[in-house]
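One letter stands for each residue in the lines below.
Number of protein chains: 2
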Amino acid sequence: MEDSLDYIYKEQKELSVYGGIAALLGWDQMTYMPADGAAERAEQTALISRLSHEKFTSEKLWNHVQKLMNPNVLGTLQKKDKAVVVRLQKDIEKSRKVPSEFVERISKTTTLAYPAWQEAREKSDFSIFLPHLEKIVELEKEYCGFIDLPGPRYNSLLDDYEEGMTVDRLKGEFDFLKSSLIELLEKITSSEIYEKQHGFDKKVSVEKQREICNVVIEKMGLPRNRSRLDVSTHPFTTSMGYDDVRITTNFERENPLFSFFSTVHETGHALYELRMPRDEYKNTVISDSPSLGLHESQSRFWENMIARSKSFWNLFYPIFKNSSPEYFKDLDIETWYRYVNQVRPSLIRVEADELTYCLHVILRFELELELMNDKINVPELPGLWNEKMQEMLGVSPANDREGVLQDMHWSGGSFGYFPTYAIGTIYASQLFYQLTKDNPSIYDEIENGNFTNILSWLEEKIHKHGRLMAADEIIKKVCGEGLNSKVFIGYLKDKYYDLYDV
Amino acid sequence: MEDSLDYIYKEQKELSVYGGIAALLGWDQMTYMPADGAAERAEQTALISRLSHEKFTSEKLWNHVQKLMNPNVLGTLQKKDKAVVVRLQKDIEKSRKVPSEFVERISKTTTLAYPAWQEAREKSDFSIFLPHLEKIVELEKEYCGFIDLPGPRYNSLLDDYEEGMTVDRLKGEFDFLKSSLIELLEKITSSEIYEKQHGFDKKVSVEKQREICNVVIEKMGLPRNRSRLDVSTHPFTTSMGYDDVRITTNFERENPLFSFFSTVHETGHALYELRMPRDEYKNTVISDSPSLGLHESQSRFWENMIARSKSFWNLFYPIFKNSSPEYFKDLDIETWYRYVNQVRPSLIRVEADELTYCLHVILRFELELELMNDKINVPELPGLWNEKMQEMLGVSPANDREGVLQDMHWSGGSFGYFPTYAIGTIYASQLFYQLTKDNPSIYDEIENGNFTNILSWLEEKIHKHGRLMAADEIIKKVCGEGLNSKVFIGYLKDKYYDLYDV
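So the sequences go chain by chain: A and B. Just so you know, we're using the working numbering here: the first sequence kicks off at 1458 and counts up by one. Just so you know, we're using the working numbering here: the second sequence kicks off at 1458 and counts up by one.
Next comes chain A alone, as it looks inside the complex:
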């Protein structure tokens, strides 16, 4: 038994090391790698994935885990060891359902699909991506056959990103969310204030943007000796190790606030990674988030609930103004705060405002679900996409580049991923509601740039659990109930009724 325990810890440690290497390969590809390095990078990444997958699904590891899962043995284990063994057993069992031959097949398909998607997007020509996407959809269906969870096929995809989540449950939440958001949006877009609102076409230099991003990172308490900020096309967070968590942003977007909010967003992710249970669970399957939705709750929490609040801008408006006095000439704090929270139905998900964002997600969820239920097929996607955009947001893409081709997820075979963006957003509102109940002076603290209590609260309520419980259980423990989009809608009404005087 001791041997088996030693063995599973040794192997988990090595798997963590593989994970860190894979993260570096990915990070470098998105940030600094010279263009022609892509082909060799694909081979490097594939090698590490293969070695890691072989180790994780090996007979030897499986047998040791099985020994420890024997009720007579499991009962004698310490709490920590038991949690690790049970979690490991579940993870490996799932991995072993998928044949290596299939893993290689889907990896090859997506490796070819990604550049095809890039080209299709650039040329706004869906037909270039179509044959690849058709193959991927078929592979995803095949994958569902291996996992084979009860209920609709899509359950088997959802479970990869949001363990335990089902189509039934999600559809309930999303149907309510969708109709409430559309209703809310209609109220706002027909308001007088909406009629009069307008954007700013001034630019802020990259250097100024970077300066402000570094200020907010500092204030949020991201330890610089364990992190970095770099630049990539799409912002992301990745962990090379427990003490090396990196975020990226992008300074080239039209809106000068894009880099700022994406930095805050990714810093939220990074703080979660950096505050996982260290001493007890480092280098085990527990030292992770239980779901992408819960991970997203951390980024959305900081991005929306904190950084789009009035208190936050009482703190940051002077900092911004001081950094770019030209930009803020004739722009008072009230006007600025309204601008930061402007609702404006638009075409691109990653640039959407807080209110319309989830509609973009629901659109993708509905399409994915119907694809998996064999109700629609791939060639219909562009048309259906545009119809749904019109139906939900009242806008129509001029071309597929700003429509069905805008996200890279499908090219990588990430079906079932999009819903976690909305789940995280809902969780974030639930957490914020609870935080303000637990600590009513939170607004003052934000205004004073004191984020210590928020950070400790998140650590105590979320981070310290790692993967010991399911996401929904953790939320239930903190907020008294699991996923509930009503809380999110309540939060939005409270904020936007006021902003738009409806």
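Because the hints were derived from the structure by calculation, they are not lab data. The structure presented is a predicted model; accordingly, all values stated were derived computationally and were not measured.
With a cut-off of at most 30 Å between alpha-carbon atoms, the simulated DSS-like pairs for lysine-lysine come out as follows:
id, chain 1, residue 1, chain 2, residue 2
1, B, Lys1565, A, Lys1517
2, B, Lys1665, A, Lys1659
3, B, Lys1565, A, Lys1739
4, A, Lys1512, B, Lys1467
5, A, Lys1470, B, Lys1467
6, A, Lys1517, B, Lys1512
7, B, Lys1512, A, Lys1512
8, A, Lys1470, B, Lys1565
9, B, Lys1786, B, Lys1952
10, B, Lys1943, B, Lys1921
11, B, Lys1665, A, Lys1660
12, A, Lys1565, B, Lys1517
13, A, Lys1592, B, Lys1467
14, B, Lys1467, A, Lys1554
15, A, Lys1467, B, Lys1512
16, B, Lys1653, B, Lys1950
Model the placement of chain B on the given structure of chain A, informed by the hints.
Chain B alone, transformed into the frame defined by chain A:
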């Protein structure tokens, strides 16, 4: 036989992939990694080294190579396959002489020695590094026992970096080099011009330095889609793959020319890496340089022979002046050219001028040789270092930081490495001599910023051979003779007699 060939190519390919991953781990550590990432990075690097070493020394690979080495088989192989098999056999045989247990032991020792060296250097306290260095020296001796080449122990170390080079041969070259350099230096330092020469204490901004570095990279023809320039404490070149070769420089040194010459130097290395025989030998043991000395010949060639020439500054002086007019006010091209080539005995190897540089190398060679011959021991090093500095260069370190502790090489167990810096410098002068014979219009081409012919010449004479021949054989083929320091001394006399009017 077909199977064995397939197998050895497959394994070499995978070893190349490991090599690229290891290179990225190292590059990132020296450029962007957050400070606290070091411990986890050491584990990542160790894992890749172990996997790679296991593969390279495996029974299976060895057996396939042995099959192919059978004279009845070897005779039937195509030229290319034969070269690969013979080279592979030699490399593996050497690797298999060293027990894995020893590899792990030396890796652990140097992992601890590196931070000890850093601390010792920072505090200028040799005693902190002493016990580590003593262990390393013992391990190096043990290593020589495994390799066990004929002659002095040090031969077994030299061979790792400069295959086929022996103490006998090197001592002959270095003794001549040393006395000639000292004699030349004495003439220069007692000249009138030397008496009057002085430095410039103006600074050039990092941005201007970067701008100029990018100009020279462009002109030298480094393909940007296959390379990058970044910043690290010590400049270096590394290959993540055939199409991803990266160089670094440092903009923080006192002398604004440090970043420029180190960029030229590393670009010389990178051009070699990027022009290895691609189609035929990529992902085999042949697609590499036969020795560090030959690699260094490429960097020194560009740094010294090209970039410190008068023709080069006829091209670059206006570019520099245009970029930093303030700096170049009252500084005419003649004064600048003399400044660029100023001889000035100094303490730090990496900042030494073209003429005194090799004396720094010979000093280290002599100490290493005596350590390995059991003539001296580690505690004597600081004193002997200072004596030799005084004897060869007429300067004395004020402390060990600017003396025996200045280089990181020994902390990593790289004994036998330093001589390659001088070997490369000598080779570079031999190549340049031959180039000017082959193409007398080379100076005009440099002055016109046309480096195409130089590049093609180097590719034809050096790069295209990869590791098909030994370094000395390649030089012999190109220049009619192997390593010959007389050519280097001739080059120096020609240049510096003129500059110092002696």
